[in-house]
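**Q** Sequence:
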Amino acid sequence: MVRDLVRLIHSVKRPSHFKQIHALVTTAFPSLASFLVRRLLSVPLVDYAREVFDRIPQPDEDLSNSLISMYARLSLHEEAMEVFRSMIRSDVCIDSYTVPPIIKSCLSLADLGLGKQVHCLAIGRGLDTDAFVQTALMNFYSRSGELAFAKTIFEKMGTKDPIAYNCLISAYSNSGDVLAARKLFDEMPNRSTASWNSLISCYACNGDYQEALRIFERMKDEKCNPNEITLASVFSICAKLGDLNAGLSAEKFIDDNNLCRNTILSTAIMEMYLKCGAVEEARRQFDKMNKRDVVTWSAMIAGYAQNGKPEQALELFESMKNENIKPNDVALVSILSVCADSGSVEACEEIGCYIESQGMASNVFVASALLDMYSKCGNISKSHQIFLNMPQKDTVTWNSMIAGLATNGLSEDAFAVYKQMIKTGGRPNDITFVGLLTACSHAGLVEMGLEIFRHMKIDHEIVPQIEHYACIVDLFCRAGRLKDAYDFICGMEVEPNAVIWSSLLSASRIHMNIELAELSVKKLAEQDPDSSWYYVLLSNIYSSTSHWQEALNVQKMLKDKKVQKAAAYSWVEVDNKLHKFLVGDSSLPRNTEVHGTVNGLAMQSTWVGHDFDSSLGL
DNA sequence: TTAGGGTTAG
1 MVRDLVRLIH
11 SVKRPSHFKQ
21 IHALVTTAFP
31 SLASFLVRRL
41 LSVPLVDYAR
51 EVFDRIPQPD
61 EDLSNSLISM
71 YARLSLHEEA
81 MEVFRSMIRS
91 DVCIDSYTVP
101 PIIKSCLSLA
111 DLGLGKQVHC
121 LAIGRGLDTD
131 AFVQTALMNF
141 YSRSGELAFA
151 KTIFEKMGTK
161 DPIAYNCLIS
171 AYSNSGDVLA
181 ARKLFDEMPN
191 RSTASWNSLI
201 SCYACNGDYQ
211 EALRIFERMK
221 DEKCNPNEIT
231 LASVFSICAK
241 LGDLNAGLSA
251 EKFIDDNNLC
261 RNTILSTAIM
271 EMYLKCGAVE
281 EARRQFDKMN
291 KRDVVTWSAM
301 IAGYAQNGKP
311 EQALELFESM
321 KNENIKPNDV
331 ALVSILSVCA
341 DSGSVEACEE
351 IGCYIESQGM
361 ASNVFVASAL
371 LDMYSKCGNI
381 SKSHQIFLNM
391 PQKDTVTWNS
401 MIAGLATNGL
411 SEDAFAVYKQ
421 MIKTGGRPND
431 ITFVGLLTAC
441 SHAGLVEMGL
451 EIFRHMKIDH
461 EIVPQIEHYA
471 CIVDLFCRAG
481 RLKDAYDFIC
491 GMEVEPNAVI
501 WSSLLSASRI
511 HMNIELAELS
521 VKKLAEQDPD
531 SSWYYVLLSN
541 IYSSTSHWQE
551 ALNVQKMLKD
561 KKVQKAAAYS
571 WVEVDNKLHK
581 FLVGDSSLPR
591 NTEVHGTVNG
601 LAMQSTWVGH
611 DFDSSLGL
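Heads up: the first sequence at position 9 corresponds to 9 in the UniProt record's numbering, and the numbers run straight through without jumps.
A few of these clues could be false.
Just the calculated beta-carbon pair ranges, DEER-fashion [said to hold, decoys possible]:
(1) Arg14 <-> Asn322: 30 to 38 Å
(2) Lys13 <-> Gly343: 54 to 62 Å
(3) Trp533 <-> His595: 22 to 30 Å
(4) Asp186 <-> Asn225: 17 to 25 Å
(5) Arg454 <-> Gly600: 39 to 47 Å
Calculated cross-link-like contacts (lysine to any residue; reagent style SDA-like; alpha-carbon spacing at most 25 Å) [claimed, not checked]:
(6) Lys321 <-> Asn290
(7) Lys561 <-> Ser586
(8) Lys223 <-> Phe185
(9) Lys156 <-> Leu179
(10) Lys393 <-> Ala361
(11) Lys321 <-> Glu281
(12) Lys393 <-> Gly444
(13) Lys309 <-> Lys393
(14) Lys559 <-> Ala498
(15) Lys156 <-> Pro189
No lab work stands behind these hints: they were computed from the structure. Virtual Cβ for every residue (Gly too), placed ideally from N, Cα, C.
Build the full structure now, drawing on both the sequences and the hints.
**A** Written as structure tokens, this is what we have:
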């Protein structure tokens with residue numbers, strides 16, 4: 001009878017049959033409960049298995065280990081820890097099969113302290129000489145950035161298998177020590193495909209993409225069997241380099257070697273096309289995939305966003321929800337940035353409500369992108385409210401708030417947030433200072449801007465980038481100090497770019513400085529020869545200052561070059577309808593009213609002391 | 001043991 005029941009337990013599949021067997025086991029054969037738990041774990045019906053498990057008076061370590069392993073495999077790490085704790089409480093023997101899955105859970109829970117406790121426990125029970133335990137611990141320390149611990153375990157190991165080497169290579173890689181990783185790789189007796197993969201990813205993670213690709217070439221030459229993981233890394237490298245040719249030849253390698261295009265690999269290929277600007281091809285890859293996970297969707301949405309296709313990004317976001325893929329923080333951050341740039345208040349409100357309803361608003365990445373979005377559509381009070389309610393703030397949070405306040409004209413508040421950032425131990429980076437300098441620029445605080453520029457170098461060891469120089473040039477220009485701006489440009493430690501010369505040109509136009517305008521245009525023509533907008537500006541400056549001949553010369557040159565200026569327009573969305581405004585367009589339904597309002601605003605701004613520029617075509 | 005996605009400025 002018992003043997004028949006065991007056979008039955010192993011053969012049933014339907015939950016209703018399990019219930020009947022469960023009843024039989026509970027009432028007549030309690031000793032078979034362990035068999036039932038194992039069978040339920042293999043289905044897997046893990047919740048049901050747990051239910052039966054909890055009623056076994058003294059489950060042995062093998063059964064507990066199986067349950068822990070299953071929880072770890074299903075990423076139910078809290079549950080795995082709970083079983084582990086109850087094993088310790090009830091003195092169930094911890095063996096070399098218990099430690100690896102529980103260490104894996106500690107890693108997933110990002111709990112270094114807990115992992116160290118498990119390590120101590122393993123030492124106490126003499127398990128730290130077991131190869132599986134050692135490998136698990138090495139992997140744990142390697143991924144937790146604890147190089148010293150990983151090294152100690154490695155040195156203690158008797159026979160070192162390739163896995164131990166690979167873990168240590170990753171540990172060196174994570175701590176940025178590429179040379180040590182390479183040395184270890186060179187010394188390894190038996191290299192597996194994973195060893196090569198670890199080295200490639202080591203170079204890639206530390207920014208040496210060319211060397212990573214060279215290792216891949218060597219791997220092919222030496223017939224070391226690149227696999228799906230190798231290729232996923234290679235595509236990610238091609239994406240970072242924007243190297244479509246390398247990507248295409250890697251795709252050929254996949255086909256020639258019959259590698260399986262799994263979800264991760266296909267997503268990496270798609271990402272390669274996206275980063276190379278081949279959005280249509282990326283979309284074809286996306287449509288071709290038979291399985292897509294949340295990363296696939298997020299990558300495609302982000303790809304649309306980064307390639308200037310906000311409508312497609314929003315559309316795909318809707319499809320993602322319709323297919324019941326729950327958007328995670330990464331997908332939300334991309335879509336928030338799309339909404340922020342769309343200028344559509346309705347789209348912003350909608351996504352804001354969705355995020356609240358999903359309980360995602362407390363995620364630090366999502367909240368930062370959310371407050372940035374609100375400040376970009378002018379709702380600075382909502383933005384500030386989100387900022388105040390955030391339990392954690394990272395550098396991006398502080399930066400977004402500072403920049404948001406600065407661009408909304410609240411310079412004093414931007415400085416106050418910066419002071420609070422420093423006081424609470426926030427670490428400013430180069431972007432923080434772009435925000436602060438923008439605040440100075442908008443408030444006309446030239447001396448303060450210069451002081452901040454010095455302070456960032458001296459107190460925070462931040463090397464000024466071209467963006468910071470551009471802010472200072474803008475600061476001088478807005479204050480009408482064109483000569484100072486020009487002297488500053490001449491003293492810059494980096495080559496001035498088109499942004500710098502554009503600022504000077506715009507200021508020269510406002511202040512009618514022909515000499516500096518000519519100089520800026522000369523530089524812009526060198527750096528951006530395909531554009532011609534600066535010649536149009538120059539011609540306008542000549543006309544406004546009665547230099548008719550010069551104006552004609554420029555216009556003739558533009559005509560000879562057959563330059564056609566694309567008409568710029570502004571637009572606004574009201575009630576989901578887009579309204580465009582073009583210079584000289586009289587076809588608007590309420591044209592007279594629109595022009596009347598604009599003229600009224602122009603007049604009012606003159607009353608409050610603004611020098612209204614009539615040459616802007618109004 | 002080794003693999004894929006995101007936000008802040010200009």
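**Q** Next, verify each hint and record whether it holds.
**A** Against the structure, the hints come out as follows:
no.: 1; hint: Arg14 <-> Asn322: 30 to 38 Å; verdict: 32 Å, holds
no.: 2; hint: Lys13 <-> Gly343: 54 to 62 Å; verdict: 56 Å, holds
no.: 3; hint: Trp533 <-> His595: 22 to 30 Å; verdict: 25 Å, holds
no.: 4; hint: Asp186 <-> Asn225: 17 to 25 Å; verdict: 19 Å, holds
no.: 5; hint: Arg454 <-> Gly600: 39 to 47 Å; verdict: 44 Å, holds
no.: 6; hint: Lys321 <-> Asn290; verdict: 18 Å, holds
no.: 7; hint: Lys561 <-> Ser586; verdict: 30 Å, violated
no.: 8; hint: Lys223 <-> Phe185; verdict: 17 Å, holds
no.: 9; hint: Lys156 <-> Leu179; verdict: 22 Å, holds
no.: 10; hint: Lys393 <-> Ala361; verdict: 13 Å, holds
no.: 11; hint: Lys321 <-> Glu281; verdict: 23 Å, holds
no.: 12; hint: Lys393 <-> Gly444; verdict: 29 Å, violated
no.: 13; hint: Lys309 <-> Lys393; verdict: 30 Å, violated
no.: 14; hint: Lys559 <-> Ala498; verdict: 23 Å, holds
no.: 15; hint: Lys156 <-> Pro189; verdict: 18 Å, holds
Hint compliance for this structure: hints 7, 12, 13 are not met, and every other hint is.
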